[in-house]
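J.: Protein chains in written order, with my numbering: chain A, 6 to 404; chain B, 21 to 398.
Treat the hints as calculated values from the structure; they're not laboratory data. Note that the structure is predicted; figures quoted are calculated from it, not measured. We treat Cβ as the ideally placed atom computed from N, Cα and C, and that holds for glycine. Among the hints, erroneous ones may be present.
[Claimed, not checked] When the alpha-carbon atoms are kept at most 27 angstroms apart in a straight line, the in silico DSSO-like pairs for lysine-lysine are as follows: (1) Lys191(B) / Lys331(A); (2) Lys204(A) / Lys47(B); (3) Lys191(B) / Lys201(A).
[Unchecked claim] Using C-beta positions, here's what the derived DEER-type ranges look like: (4) Thr136(A) / Glu248(B): 35 to 41 angstroms; (5) Gly275(B) / Leu25(A): 52 to 58 angstroms; (6) Pro371(A) / Lys250(B): 36 to 42 angstroms.
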Amino acid sequence: MQVPPVRTSRLLNNMMVRSLKACGRALSSLRLTVVLLGLSMVLIFFGTLDQVHLGIHAAQAKYFRSLFVLWQPVGAAWRIPIFPGGYLIGTLLFLNLVAAHGTRFKPSPKKIGIFTIHAGVVVLLLGELLTGLFAKESMMRMDIGSAQTYSEAPRETELAIIDTSSKDDDLVVAIPESLLAHANVIQHPALPFMLKIVKFMANAALAMRSQAPDVPPSLATTGIGPNVVATEIPRTVKQDERDLTTVFVQINAIQGPLGTWLVSNALGAPQSFDYDGHTYELRLRQKRYYKPFTIKLLDFRHDIYPGTDIPKNFSSRIRLIDSRQKEDRDVLIYMNSPLRYSGYTFYQAGFDNNDKTSILQVVNNPTFILPYIACGLVGAGLLTQFSMHLVGFLRRRRP
Amino acid sequence: MRLIRLSGPALGAVLSLSCFAGCDNSKIEVYRVEKEHDSQTAQITEASGGSSGRGTVTWQAPADWVEQPSSGLRRGTFKIHGKDGGEAELSITAFPGDVGGLLANINRWRGQIQLPPLAQPDLAQVVTPLSASGRNISFVDIVSTDSIKGGKKSRILGAILPLGDETWFFKLSGPDELVAARKDEFKKFLETIKTEVTPVLASSAENSGSNTNAPTPPVLATTAAQFEYKAPPGWIAQPLSPMRLASFKVTGTNGAEADVSVVSLSGMAGGDLANINRWREQLKLPPLSEDDIASISSHVNMNGHDFLVTDLVSAERLPPLNHKMRIVAAASHQGEQTWFVKMTGDVDLVGAQKNHFLDFLRSLSLAGATRSDESSAQ
């Protein structure tokens, strides 16, 4: 017996609708809410404990800003998911909340308070997700009198290959640390040669070879590398330390290898080489974010209460120069009074060098407003709900 | 159905955001920055008379010109008082770029005193070229035909000075009689103008190369090789790598495979001979000399691009498949980039696909594009 095509498509449609409804019922289940909240508590518990071993940023990335918590057996190159991560639990909670509203809640003026509270929670969940994905934090370290057009990521590095041949400007090819760690060969249209990553060390202890004469010869063949001994050490988990990322990189031109260099953010001076009539600098540095404006540090003040060493105030007086927007003004940045400009927020974060160096934290978070909106929605929802209950209660008491 | 309406878009949005979470930020960035000066600290010039990121202009004003505080866009303001109580004002401003050009700015001033705009051919008749500090200044003297303010005609003496990436404007405006009387004085004032384009640098031993001498924003540009193509039938697109801008796999009827790659390198990428010999080496063929290139390769023009096309066949069967291999490769120099399109694989399959390869070359539109992009550096 043959089924007419129209009936087949109707059957398929019905099946799709049924499966979508089943999916919706599962997603809107209260049991799922309880399970997800339970999983969140377990995740937060272990994530907090593991901060001792990983440090706050690595623990955040591993437990909360991931789809799954991955486990890597000692000595293995592979990792397997062992627990849902923060993004997965958050996404499911979000869907659970939306689906529950879709299936159970009937729009009614009486429920406007509840609805607003839930909308606030949804915005809060989305806000955290978007902040994790898009917010960037970096630091601007300046001496008094100096001007700077970039900020630096405190924990990420990059290998900058800088063509310094032009009289006016430098052409920078910046290769991120994640690529250095995982790629064997790197090639880019802007580079007339290939890079072979001979060895990548996320953190290393460096010493001059003269201090350690018995260690095997270096992998580096040119630059300062042959005179330096690099020993791989575990990544630091301390807040006030940073990894000394060290890479042995071989440069292969069409004629053959030009040499192997050791590059590290522990080395002060860049190393350079000539190829095809151009001079290139190699510099492993903290990842830079260039801005379309300039900040000049005019003065830094570290005030203390008279007769004590107790800090009273830290402040940086800067000049903001943006010729595109015709901005040229002085700004005082001090504790709890940041400069907000062009999507960036500059906070007074630290100082160094006998109060001659100021450190500003630079935050670029396009969704910074969402938690404020979420709090406003939850507050308004609570107020509405309680007021409605109060009015109802008072009416009932009236004789 | 209400459930589907509510959760569908939300599901899509959240899943796509979750995909971002799994993505690794491993993009190579390319940009231009102003040169850094190690062991030097930028000192933005604070010379009297105003300063700018691109250039500094100083001047000597006559004693009876009363200087006013600068504000906003003003780099300098002076009041000039006449004997009859009249008052003229000299304003000094600077803006990035050419601010529309000479004609637009002169017509703007003419508009301020209710004069009709000039056409380009008339410009030469009203502009007087002057010189100060070795730089050309365009000087104009315009007077209104009607009374504008206080029953008096108005006059504007204007001077326009292009300096570096900026244009400086000196405009003396006020009652006709007063401004006309001060014309020679204004011209002498213009002669006192001194300019300096580069900022003054002062050394600081405490810095170790972390500062730049850039008081103005760097010109950031992301360079990227861009191209368009049409893949022939049967060519299956493959994942890209940092080296490859396009990648395809072709499978023959007998299961033999061929690989097609598109790579772009800056500069001459070693030259034609070195590349051909590299490909020959891959087929275990002996290297050739410069004189032999013409015999094994030919120049063809495809879609306006000149390609050097080479066709090489290995002399013996090669591992790992133990097939005879063939490489058909094309190289084209476009601006500062050299493009390579290469097909490697089983000798029969590559032979059968050669026409498709040439069709692919014909479909290519190559460019070494540069676009301004601030956020990509961030």
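J.: Of all the hints numbered above, which does this structure not satisfy? Sort the numbers upward.
T.: Violated hints (numbers, rising): 3, 5; every other hint is consistent with the structure.
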